[in-house]
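Chain D: place on chain S using the hints.
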Amino acid sequence: MLGGLLAAGAAGLPGLMQRGIAEEIRKRGKQVCFIWLDGGISQFESWDPKPDSPFAGPFRSIPTSVPGVHVSELMPHTAKLMDRISVVRSMSTKDPSHSTGVARVQRGDPVNRGVDYPFLGSAMAKLLGAPDNGLPPYISIKPGNGGFIWQEAGFLGAKYGALALGDGKPPIHIRRPEDLTAETDAARNTLRRLADARFKSARRESEVDAWESSFSNAEKLMARKELFDETRLRPEDVQRYGTHPLGRHLLLARHLLEAGVQFVKVTSFHWDSHGDHFNTARQMVPSIDQPFAALVTDLEASGLLDHVVVVMMSEFGRTPAINSRLGRDHWPDAWSLAITGGGIGRGRIIGKTTDDGAWVAESPFDVGHLFHTIFSAVGVDPKKAKYRNQGQPLPIAHDECGPITGLLA
Amino acid sequence: MADAPTFDSAKAHLAPEPLAHNRQLFRARYSFDGALIAAAGVDKRIHVWEEATRRHYTLPGHATWVACLIFHPAEARLFTADYNGAVHAWDAIKEGSPPLFTITADRDNTRALAITPDGAHLLSGGDDTVVRMWDAKSGGAVREMRGHAGPVFSIAVHPDGKHLVSGDLFGRVIQWDLSSGKIVREFDAKALHTRKEDFIADVGGVRCMTFNPDGSVLALGGLSEAESNAFCPGKPLVLVYDWASGAKKTELRYGFKSDGPVNGLRFLQDGVLAGWGEHLNAPTQLVFWKLDAPEPFHKVAADSAYDLDLHPDGTRLLAPVFKALGPGGNGARKEHREKYVAPGALLTVCNLFAEAPKPPK
Chain S
1 MLGGLLAAGA AGLPGLMQRG IAEEIRKRGK QVCFIWLDGG ISQFESWDPK
51 PDSPFAGPFR SIPTSVPGVH VSELMPHTAK LMDRISVVRS MSTKDPSHST
101 GVARVQRGDP VNRGVDYPFL GSAMAKLLGA PDNGLPPYIS IKPGNGGFIW
151 QEAGFLGAKY GALALGDGKP PIHIRRPEDL TAETDAARNT LRRLADARFK
201 SARRESEVDA WESSFSNAEK LMARKELFDE TRLRPEDVQR YGTHPLGRHL
251 LLARHLLEAG VQFVKVTSFH WDSHGDHFNT ARQMVPSIDQ PFAALVTDLE
301 ASGLLDHVVV VMMSEFGRTP AINSRLGRDH WPDAWSLAIT GGGIGRGRII
351 GKTTDDGAWV AESPFDVGHL FHTIFSAVGV DPKKAKYRNQ GQPLPIAHDE
401 CGPITGLLA
Chain D
1001 MADAPTFDSA KAHLAPEPLA HNRQLFRARY SFDGALIAAA GVDKRIHVWE
1051 EATRRHYTLP GHATWVACLI FHPAEARLFT ADYNGAVHAW DAIKEGSPPL
1101 FTITADRDNT RALAITPDGA HLLSGGDDTV VRMWDAKSGG AVREMRGHAG
1151 PVFSIAVHPD GKHLVSGDLF GRVIQWDLSS GKIVREFDAK ALHTRKEDFI
1201 ADVGGVRCMT FNPDGSVLAL GGLSEAESNA FCPGKPLVLV YDWASGAKKT
1251 ELRYGFKSDG PVNGLRFLQD GVLAGWGEHL NAPTQLVFWK LDAPEPFHKV
1301 AADSAYDLDL HPDGTRLLAP VFKALGPGGN GARKEHREKY VAPGALLTVC
1351 NLFAEAPKPP K
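Heads up: the sequence lines are chains S and D, in that order. Everything in the first sequence is counted per our numbering, starting at 1 for the first residue and increasing by one. Everything in the second sequence is counted per our numbering, starting at 1001 for the first residue and increasing by one.
The set of hints was computed from the structure by calculation and includes no laboratory data. Idealized CB from N, CA, C, for every residue including glycine. Certain hints may be false.
Said to hold, decoys possible - Per label pair, the in silico range of CB-to-CB distance:
no. : chain 1 : residue 1 : chain 2 : residue 2 : range
1   : S       : Val115    : D       : His1336   : 31 to 41 Å
2   : S       : Gly166    : D       : Arg1185   : 35 to 45 Å
3   : S       : Pro235    : D       : Pro1159   : 42 to 52 Å
4   : S       : Glu362    : D       : Gly1140   : 42 to 52 Å
5   : S       : Asn112    : D       : Asp1198   : 28 to 38 Å
6   : D       : Lys1257   : S       : Asn112    : 38 to 48 Å
7   : S       : Glu362    : D       : Thr1104   : 52 to 62 Å
8   : D       : Glu1225   : S       : Gly166    : 56 to 66 Å
9   : D       : His1336   : S       : Pro393    : 37 to 47 Å
10  : D       : Lys1257   : S       : Gly391    : 48 to 58 Å
11  : S       : Pro235    : D       : Thr1104   : 32 to 42 Å
One chain only, chain S, in its complex shape (with noise of 0.2 Å):
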């Protein structure tokens, strides 16, 4: 219904309707949309162009919604809503590596006390609780495959993992066959809850759990598969988005926000330029620009910008440096990530680096500040919610930083 609601209103119904739709909003409590791109984005050719550093690349940089504040060329549709987003450009990491580096920054790198703790999706989860929407609260739309990923819920348990939906397509049979009628599968279902329990009685809860969650969470989008019905999309919509997987996932991605999912990252691999750099970034950055321009737009104008916290980032961003295949590798010294939604100002640019964009200038926030921010954004107080792992309370967010102020509203 809601979504029915939204795409009308982000067709441009005013009046009457738009009133209606900020009243079924108004009910839902906070979402967050996070879109990584793996790999590392150059805050060169995207959110910080220094086009008078020696480690500047060739790319132009324009003048953005927001007065004297330029991004790269390469990310025009960006540019004009740039008042309804926020940089931060000063982000200053410690890990160079993929391997590590990815975990620990979704895990808001938190001070190491011998557990795994949970990525952001798996985090609000927990914390959020669960919406009443009979929808999973944490899905994930990836390139490749699909499937239920519990351990990115770290030590809260199976459960809080994420459903991921490979190449935006739903669980497979996700549709009950034709000759199976609804008492017969329910039938089917209270068995396996059975063995299940059975099952579970003699093992780690934790194994058991990944296999309830991974049924729970089709079950639910059983219910829901009109939201992968590609020919309810509006031609327009594809068309400003994109066909490309980016462009796919990410009008995915606000179908599901507006059904209510309460977190939905969405992936995109093969940023890592190391090789012909500036070759691909001309193709790859504007393949993000238009579906994340498209995205905020529609958000705002059905009024969910309000209530969904959208956050763009990678696991660092790329060196000033151009190695000997005209690539950039992977600079965790100084580098950007933007950030809109309910809770957070807009039309800030935060911190700065160097004039040569090779180091932080002003106010360097590593990722725990984010997490901080991010919580703070949606309502949970970091300082004082807690996990507990069997009875010992841990801190959600890393204890020695804050919010980014800046960034809240």
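Frame of chain S; chain D shown alone:
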């Protein structure tokens, strides 16, 4: 007076003491008489050296990276093009002087320039996919040639002066009739392009092309079988075509592990083809092929190169080569902050004759 050394491509070796610059250079070319070397890259300026004296001076340059440059075939006139699409014409021997004229040759990056053998027409190609012909004396527009669906990466004029060949990102190679601007035929170089299902960018393209002196053979260079669009590792590949029939004569490979594209090709006076390119994880070599064998018969260890030119006298090759000047690779580098500088370049010369014997100790 000592005798001139005897040409022998099998004895090719790097000359000592290359010219150096503290910023990366992507293109380097000899002037028509071999007296000057011009080079350009990330610092936006045009660098000119007198080869005999090594005297260096600059021309004012561009607003962004210089993507390519080419000398006039009979005058000290130099044409340079940048990532914003601007092409400047210069009097290469007038230090610091402004451009003779400027043209906008592309909406974005002008990646390739060529000039007809009589010096009358300049050709350009780039990201907006259009190949354009210009009056080389005035900069006036002569003709637009449309047929590519992707960025034009390289162009070359046939020695007969009547035809042009252009190659794009997708490995489409078009032969144009220069007098009419019409497409004559196409060559299939799709092997130089890769887009796997999980890629988020196209990789490769026809990175370089050259004719042998009589125009009977066309060689195209680039990268095949790219494994990802991130590191862009793949297999360097050269495709060789018979010009008369259009048939592919052979494919030339490095024959040992290498992972970057071939960026420069030149035919030598003995019919040998020289090629040089990039590497990231594997050693780069300047290699020499005889066209009757797919693997090189001679190779010279070297660093990554982005272009390749042959001196007019045929005795040496020139390439702008990567040179690290500080700590590179993945950060964090805060502890090396003072030493962290942008890389530089060496203008490396490869002599095509036997190395002079070392004097006795």
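Now the hints, each set against the structure:
| no. | hint | verdict |
| --- | --- | --- |
| 1 | S/Val115 to D/His1336: 31 to 41 Å | holds (34 Å) |
| 2 | S/Gly166 to D/Arg1185: 35 to 45 Å | holds (43 Å) |
| 3 | S/Pro235 to D/Pro1159: 42 to 52 Å | holds (51 Å) |
| 4 | S/Glu362 to D/Gly1140: 42 to 52 Å | holds (50 Å) |
| 5 | S/Asn112 to D/Asp1198: 28 to 38 Å | holds (33 Å) |
| 6 | D/Lys1257 to S/Asn112: 38 to 48 Å | holds (39 Å) |
| 7 | S/Glu362 to D/Thr1104: 52 to 62 Å | violated (38 Å) |
| 8 | D/Glu1225 to S/Gly166: 56 to 66 Å | violated (25 Å) |
| 9 | D/His1336 to S/Pro393: 37 to 47 Å | holds (40 Å) |
| 10 | D/Lys1257 to S/Gly391: 48 to 58 Å | holds (55 Å) |
| 11 | S/Pro235 to D/Thr1104: 32 to 42 Å | holds (35 Å) |
Checked against the numbered hints given earlier, the structure breaks hints 7 and 8 and satisfies all the rest.
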